[in-house]
Each structure stands twice: as C-alpha cells, then as structure tokens.
Amino acid sequence: MPEENITALDVVLHQPLRTRIVAYLSTRGEATFTELKQLLEVTDGNLEAHIKKLRAAEYVVTHKVKGQGRPQTFYRLTASGKIAFKQYVNQLQNLLNI
Amino acid sequence: MTSISVSTSTQLDAIYSMMEDGQHSVKMERHSLLIWGITAAVLILVTELIFNRQSFPLLWQLVVAQTIFISIILFLAGLWDFKLTRKVRQQRDESLSFIQMQLTKVWWFFVGLIVLVNVGMNFFGGGYMFYGLAISLVGMAFYIQGLFSTQMLKWIGLMLIIVGLSSVALNLHFLVTKWLAAGVFGLGFPLLALILNKPVTHSNILKRLGLSAVWLAVVIFPSVIAYQQKLNLNPENLVTRSFSEYMTLNKEQAAQKQIIHLPAGTAVPVNIIMRGDILEITRTSNVSIKLAKDFDVIIDNGKTNGYFRLSGMDWRNRKQDLQLREFKMESAIKQHQGPLVNLGFKMQLK
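The listed protein sequences derive, respectively, from chains R and B. Under numbering that gives the first Met the number 0, the first residue of the first sequence is numbered 0, with each subsequent residue one higher. Under numbering that gives the first Met the number 0, the first residue of the second sequence is numbered 0, with each subsequent residue one higher.
Okay, chain B solo, but in the shape it has when bound:
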C-alpha cells in the first residue's frame, strides 16, 4: 500500500515537472539577439542622417518616408530571423512550439507599437522620451517571453525596463538617450547573446547582479561619450561680438561663423503665426520677449545654427535642449471687452 502511494505521488510529481518543462520550453536563439540588436542600433544611428528636414521639408513627407524605411528594414530583419531560426531548429531536429509562435506575434505587436509611437511623436511631440520608451517596450517583450522560458529573459526584460524608464524619469538629454539606445541594442544585445545559454545565468543573485552591472557599464558607455562630446562643443576659437558690432560688419565679415553676445534685458521681437481648422492664418509681431540672462548664439553664414549658451553654462542645442511645456489656453467673453483668448506656455532648458 505504501509503495503504491509513493509511486503514485512520484508519478504526479513527474507529471507536474514535465508539464512545467513543456510550459517553459521557449528558447531565444543567439542569432535573434544579434540580428535585432544590430538592426535596431543601425536604424537609431542612420535614420536621422537620411531622413531630416533638409531632405524632406514637409513633416508628413518626412514621417511617411521614415516609417516606410524603418518598417521595411524591420520586416527584413524579422524575416531573416524567422528563416534562420527555422533552419537552426531543423538542423538540431527541434520544433517551434505553439507558445513560441504566439510569442513571435507578441514581438511583432511590440515592434509595431514602437514604430507607431515614433510616428505619433513626430506629429504630437514628446520625442525626447522615444528611445527610453522603446527600450522599455522591448524590455516588456523580453519579460513576456521569459514567462515561458528557462533562459534569463525575465531578468533581461526587467533590466531593459529599468534602463528605459530611468532615462525618461531622469529627463536625460535626447542625444544621450539616443546613444543609450544604440548601446543597449548594438552592444548590449550581442553581449546577452554571448551569455544567454551559459550556466552562469542560472547562478545566484549576486553573480547575476555582477553580470548586470558589467552589462550596464558597457551599454551606458556610448551615451557617456556622447554626453562628453556635447559638453565639448565649446567653439572657443570663434570671435565673440556684441549685436551692435555685428550690425556694423560688412557682408563678408557677417557671413563668418561667430558668436553674438546678447546681454540680459535685450528685447527680442517674436513673430507668431497661428493657424488651424478654426482660425484664419493670423500673424502677429507685437510681442517681444526679454532675456533674463546673458545669451550667446552662434551665427554661421548669417543664420543661427541652433547652438546657444546662457552665461556661465555649456553650449546647448535649441532642438534638443529647449522645451516648450505647460501649454495653456483659456477663452472668455467679457461683457465690455468681447471675446478673449489667453495663451501661455513655459520655455525651459532640459
């Protein structure tokens, strides 16, 4: 009787153990990490060089061309990965389980979501968060895959989510997040491919933390270099002139690259153009802003090149470092004044 009970419980234990093995049988291939990591890094570094406002002056044209390009590259990467995975599995006489096929769809869902977020941010703003969000979304996909795998994918997923969300929460500079993403995908993924199936990944938490620290150091390295380069923008060899001096220069001198100094208190006229479905195009130049601090701008060929410096600070880029936030619009109709609209926003440095 006792021996029967033992064999019955042993049998049940074996069943539960095998069922668990079946549920956690999803495996990520090393080549998948290499293909997706390198593709993503190349896209991050190359897309802006090819698709910019110089080559596509209209925003919608830029977004459509960029999206088509990104989609084609990602589709080709996905197809290559799928075919290679099938081939490798066939060579090892292994199958692609039902769960794995469903998880592939989940991955495509996340990739599609990242492309859509990119489109949305191009039109509606918030682009400074893009790379952080993209890293987090990829982390979520890893975490979901990790639920059905014995590989350390959940751990990887959590690391990516933390890295991505931290970059958003710390309000890191766009250039830094861009290089962080390039580092995560271009260096981090190949590194993960190296250790993915090593027994060390199943070892204790301290070893895992140690490995994660090394991995983080490697992926953060490019963004640190990028940040240093941003700080080293100081064009010390350029001539600094006051605005009144600049006004007296001849055409040739004015076209040279130089720094124009605008002291605190300088009034700068603002041209405002408002348009929309419910407005006729309205232009006004009755507004001027007053500088609260000394301000240096770089003029190149008679035009500002986007770089500026506040007194005592590093050089910054208008596109990447200035934010317009907290837009407010209030409307009212006053009995003696008629309709009135108050518009407001906050201009701040990142």
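Bound-form chain R, shown alone:
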C-alpha cells in the first residue's frame, strides 16, 4: 500500500529543494531569485535548474518588473502549482497517517 502511494507522488515536487521552493511561495505569495537563493543557501545554477523544472511543469510562473535599476524577476505559484502542492502535502500526510 505505501509503495503505491510513493509511486503516486508528484515527481516534480518530491525533491527536497523544489518542495521547499513551492512551500515558501505558497505562503509568501511571490519572491525574487535573490530571496530564494539566500533562504535556501544554494548556488545560482542549482536554483536555476530547479526553477526551470517547476516552470516546465507549469507550477511556477515568472514576471518581470522594470524599475529604475535592473528589472526584477518575481516567481510565484500558478493555480495548478497550488493544487499540486496541496495534493502532495495530503499524500505525505496520508503516508504518515497524520
């Protein structure tokens, strides 16, 4: 029974760094690349690779804001990202019988 549940887990979200990114964005709303990098204490390349996967799954979208300095890129969860995250957390809780 647990084996079935584990295989049913979302492979995009079932990765520690991506889980943390999505969990943070779920309550923070949106965050910049620098904020995520500082919080997660990872390299640019590592973070970029994981965000790329989240964007490919359409769980995260980016939007750019132009200001006086260089433009800022913001990341936030999509509606499908929020649903997938909620399902993923439910599945984990079921696995632990919480």
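These aren't lab readings, by the way, just hints derived from the structure by calculation. Check each hint, because a few of them may be wrong.
Computed cross-link-like contacts, DSBU-like style, restricted to lysine-lysine with a CA-CA straight-line distance of at most 35 Å [as the list claims (entries may be wrong)]:
(1) R:K36 with B:K86
(2) R:K65 with B:K197
(3) R:K36 with B:K82
(4) R:K52 with B:K333
(5) R:K81 with B:K256
(6) B:K292 with B:K318
(7) B:K333 with R:K36
(8) R:K81 with R:K36
(9) B:K153 with R:K85
(10) R:K52 with R:K81
(11) R:K65 with R:K85
(12) R:K63 with B:K197
(13) B:K333 with R:K63
(14) B:K82 with R:K63
(15) B:K197 with B:K104
(16) R:K65 with B:K345
(17) B:K333 with B:K289
(18) R:K81 with B:K302
(19) R:K51 with R:K36
(20) B:K86 with R:K63
(21) R:K36 with B:K206
(22) R:K85 with B:K250
(23) B:K289 with B:K256
(24) B:K86 with B:K256
(25) B:K345 with B:K302
(26) B:K104 with R:K65
(27) B:K104 with R:K63
(28) B:K256 with B:K206
(29) R:K51 with R:K65
(30) R:K85 with R:K52
(31) B:K256 with B:K197
(32) B:K197 with R:K36
(33) B:K289 with B:K206
(34) B:K86 with R:K81
(35) R:K65 with B:K256
(36) B:K318 with R:K36
Since chain R is already given, all that's left is putting chain B on it; use the hints.
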C-alpha cells in the same frame, strides 16, 4: 520502508518550516523607523507652536488647519518611506510580499485613527490622553506587523503599548506625555532602527529586558527634563501683592508682571455663559466660588497668564493642570416650582 518514512516526515518538516518562513517574511526597514520617528517627533513639537488659539481664534478653524497640516506631512512621510522601501528592495533584488502590502494599509489605518482621535479630542476633550493613546496605537500596529515577521516587532509593540497606557493610567501631566511621545518617536525609533536587525534582538529574555530598560531610560529622559522645567517655573523674582494692594496701583505699576495673592475664603464671582441648540444664550453672574486654599496668580500686562499656585505647592498651568470632570445634569419639574435643572462638575488639579 523506514528510510521512506523518515524522508517523508523530513519532507513534511521542511514544508512546514518553509511555510512558516513565508508567513514571517515581512521586514521593517531601518529607514522607515527613522522617517516615521523623526516626522512624528517634529509634528509633536512644532504643531502647537504654529497652530494655536492666537493664530486661529476659532476652534474649528484651528482644528481644520492643524488636521490638514498633519495629514499632508504624514502623507509625504508615507510616500517617501514607500518609495525608499521600493528602491532599497529593488537594489537588494527583494520583493514586497502580499502580506507586507496589506500591513502597509493597516499602518495607514492606525495613522488615520490617530489623526481622527486628535480631531475628536479637540472638540470633545480628553486631550490629556492623546499622546498616551497615540503611542499605544502605534504599538498595536507594531505588534500586528510583528505577527508576520521574525524581527522583534511584537516586543517593540508591547513596549510601546505599555508605555502609552501607563502614561494614561498614571494620569501624567500633558507636558510630560508630550515630551514622552517626542522621546519615544524622535529618540526611541532611531535607536530601534540601530538594533532592529542585530542578532542580539533574538537572544534571551534577560538581554532583551536589559536592552528595553536602556531604551526606556533614553525615551523617558526628555519627559523628565520637561517635568523638571515645569517645576522650575517658580518666578521668585516677581513682587507678590495682595489684591487690595493691586487695586491701589497706578496703570503702569498694574501692567507689570507680578504675583497677586488671594487668601483662602476669597469669593470669586463666576460669569457663566450657556448656549446650545435648545437654549437661548444665557448669561448669569449670580454665582461665586469661594477659594478653599490660599491662591497665587501671575498677572502680566493686567491679565492672568494662566499660571497659579496653591499654598505650599508648585506653580501650575490652568490649561494643563486643571480639569473639569464628572459633569452632571439632572432635570426635574416640580409641581410648585416648575422646571428645574441641576448642573454640577468637579474642578480638580491633575
């Protein structure tokens, strides 16, 4: 199986931890404390100098002009803070979270409330509580922001609420509360800006209490000085005359600044003017009050300047130290006397 369970629980722990980080991601900038603190202190010290009954004889004119002035200054301070915060965040490639944007509205709500309380107290009284209430309301705003932050804002909020409410509960002199508020905003906020992001703010309760004690000592200092100055009003170099002596003075002598002594038992006539929606303007001078204690007043250019002294006490100011409280009005219609209204109030020193 075990390794899977561990990774699942680790994953859930990481999720909860990150969600909590997201919920507590609101940050107060140092410049916000400096801008708002110094603006508030300047407003506290300057507003009464510019807007008073000498420059605006009618109360409503005074209140409208004062409110417009305060609102414009606060709006400009808010705009400056907002633009600077955006700029700083952009330079650090940080965002303003949704919660932070909502909390900005909460701050404006509290600022608006303080301005409204000021307007209300000008018309309906209770002004002696204003600065204490204003400090408490700002404390509440800090506390609310602290619920979404890892900075020590809840602690700051609680300190401000305690300081503000204590000043009201202890019935502190208006001048003292005014300087207390100026100290809290003008000195206290820049000090908080210095320590806001220091690791010491996350340390144990004893260190926090120590820091708070130092902070309190600094913000209370101006009000202690103000209180001392109030006590030092004693114009010892002025001539003291009895009222009968004063009556015999020529015009030039009577215009000099001097103390007039009124002994206990002196009857002082009271002119009462009553008006309102349901009254014709009624004047009466049939009432007189009798002094219960020896009483000294300062006369300057033939007019009282508001300062008085009861025997054995310090000099006080009529506007700041005398309170009319416990207003009572009872009406009755008696069969043989007709309608009757009893008015009463208590005059007391603060």
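Okay, the hints, checked on the actual structure:
Annotation: proposed proximity of K36 of chain R to K86 of chain B holds, straight-line Cα distance about 20 Å (limit 35 Å). Restraint check for K65 of chain R and K197 of chain B: the C-alpha separation of about 32 Å stays at or below 35 Å, so the hint holds. A threshold of 35 Å between alpha carbons decides the hint, and for K36 of chain R with K82 of chain B the separation of about 25 Å falls inside it, so the pair holds. At most 35 Å may separate the alpha-carbon atoms for a hinted pair to count; K52 of chain R and K333 of chain B exceed this at roughly 90 Å.
Using a Cα cut-off of 35 Å, the hinted pair K81 of chain R and K256 of chain B is violated, with the two alpha carbons roughly 78 Å apart. Our distance criterion of 35 Å between C-alpha atoms is met by K292 of chain B and K318 of chain B, whose separation comes to about 20 Å. For the suggested pair K333 of chain B and K36 of chain R, the alpha carbons sit about 84 Å apart, so the restraint of at most 35 Å is broken. At roughly 21 Å between alpha-carbon atoms, K81 of chain R and K36 of chain R fall within 35 Å of each other, so this suggested pair holds.
Taken as a hint, the K153 of chain B and K85 of chain R pair is honoured in the structure, with Cα atoms around 31 Å apart against an allowance of 35 Å. Only pairs whose Cα atoms come within 35 Å are accepted, and K52 of chain R paired with K81 of chain R is accepted, the gap being roughly 15 Å. Under the criterion of a C-alpha separation no larger than 35 Å, the hint pairing K65 of chain R with K85 of chain R is consistent with the structure, at around 32 Å. Restraint check: the Cα-Cα separation between K63 of chain R and K197 of chain B comes to about 32 Å, which is no more than 35 Å; the hinted pair holds.
Restraint check for K333 of chain B and K63 of chain R: the C-alpha separation of about 81 Å exceeds 35 Å, so the hint is violated. The suggested pairing of K82 of chain B with K63 of chain R holds, with an alpha-carbon distance near 19 Å, which does not exceed 35 Å. For a cut-off of 35 Å, the pair hint linking K197 of chain B to K104 of chain B stands: about 27 Å separates their Cα positions. For the hint linking K65 of chain R to K345 of chain B, the alpha-carbon distance of about 65 Å lies beyond 35 Å, and the restraint is violated.
For the proposed pair K333 of chain B and K289 of chain B, the alpha carbon gap of about 29 Å is at most 35 Å, so the pair holds. For the given pair, K81 of chain R sits about 75 Å from K302 of chain B by alpha-carbon distance, which is inconsistent with the 35 Å threshold. The hinted pair formed by K51 of chain R and K36 of chain R meets the criterion: a straight-line CA distance of about 14 Å does not exceed 35 Å. Taking the CA atoms of K86 of chain B and K63 of chain R, the gap is near 16 Å; set against the 35 Å cutoff, the hint holds.
Straight-line distance between C-alpha atoms of K36 of chain R and K206 of chain B comes to about 32 Å, which keeps the hinted pair within the 35 Å bound. At most 35 Å may separate the alpha-carbon atoms for a hinted pair to count; K85 of chain R and K250 of chain B exceed this at roughly 89 Å. Proximity of K289 of chain B to K256 of chain B is assessed by CA-CA distance (about 25 Å); at most 35 Å being required, the pair is judged to hold. At most 35 Å may separate the alpha-carbon atoms for a hinted pair to count; K86 of chain B and K256 of chain B exceed this at roughly 57 Å.
For the hint linking K345 of chain B to K302 of chain B, the alpha-carbon distance of about 25 Å falls within 35 Å, and the restraint holds. Distance restraint check for K104 of chain B and K65 of chain R: the Cα-Cα separation of roughly 24 Å lies within the 35 Å cut-off, and the hinted pair is therefore satisfied. For the hint pairing K104 of chain B with K63 of chain R, the CA-to-CA distance comes to about 25 Å; that is within 35 Å, so the pair holds. Using a Cα cut-off of 35 Å, the hinted pair K256 of chain B and K206 of chain B is violated, with the two alpha carbons roughly 53 Å apart.
Of the supplied pair hints, the one linking K51 of chain R and K65 of chain R holds, its CA atoms being roughly 22 Å apart against a limit of 35 Å. For the hint pairing K85 of chain R with K52 of chain R, the CA-to-CA distance comes to about 18 Å; that is within 35 Å, so the pair holds. Restraint check for K256 of chain B and K197 of chain B: the C-alpha separation of about 55 Å exceeds 35 Å, so the hint is violated. In summary, the hint linking K197 of chain B to K36 of chain R is supported, as the alpha carbons are separated by about 21 Å, within the 35 Å threshold.
Distance restraint check for K289 of chain B and K206 of chain B: the Cα-Cα separation of roughly 56 Å exceeds the 35 Å cut-off, and the hinted pair is therefore not satisfied. A hinted pair counts as satisfied when its Cα atoms are at most 35 Å apart, and K86 of chain B with K81 of chain R qualifies at roughly 30 Å. Proximity of K65 of chain R to K256 of chain B is assessed by CA-CA distance (about 67 Å); at most 35 Å being required, the pair is judged violated. Between K318 of chain B and K36 of chain R the alpha-carbon distance is near 60 Å, which puts this suggested pair outside the 35 Å criterion.
Of the hints listed earlier, those the structure fails to meet are numbers 4, 5, 7, 13, 16, 18, 22, 24, 28, 31, 33, 35, 36, in rising order.
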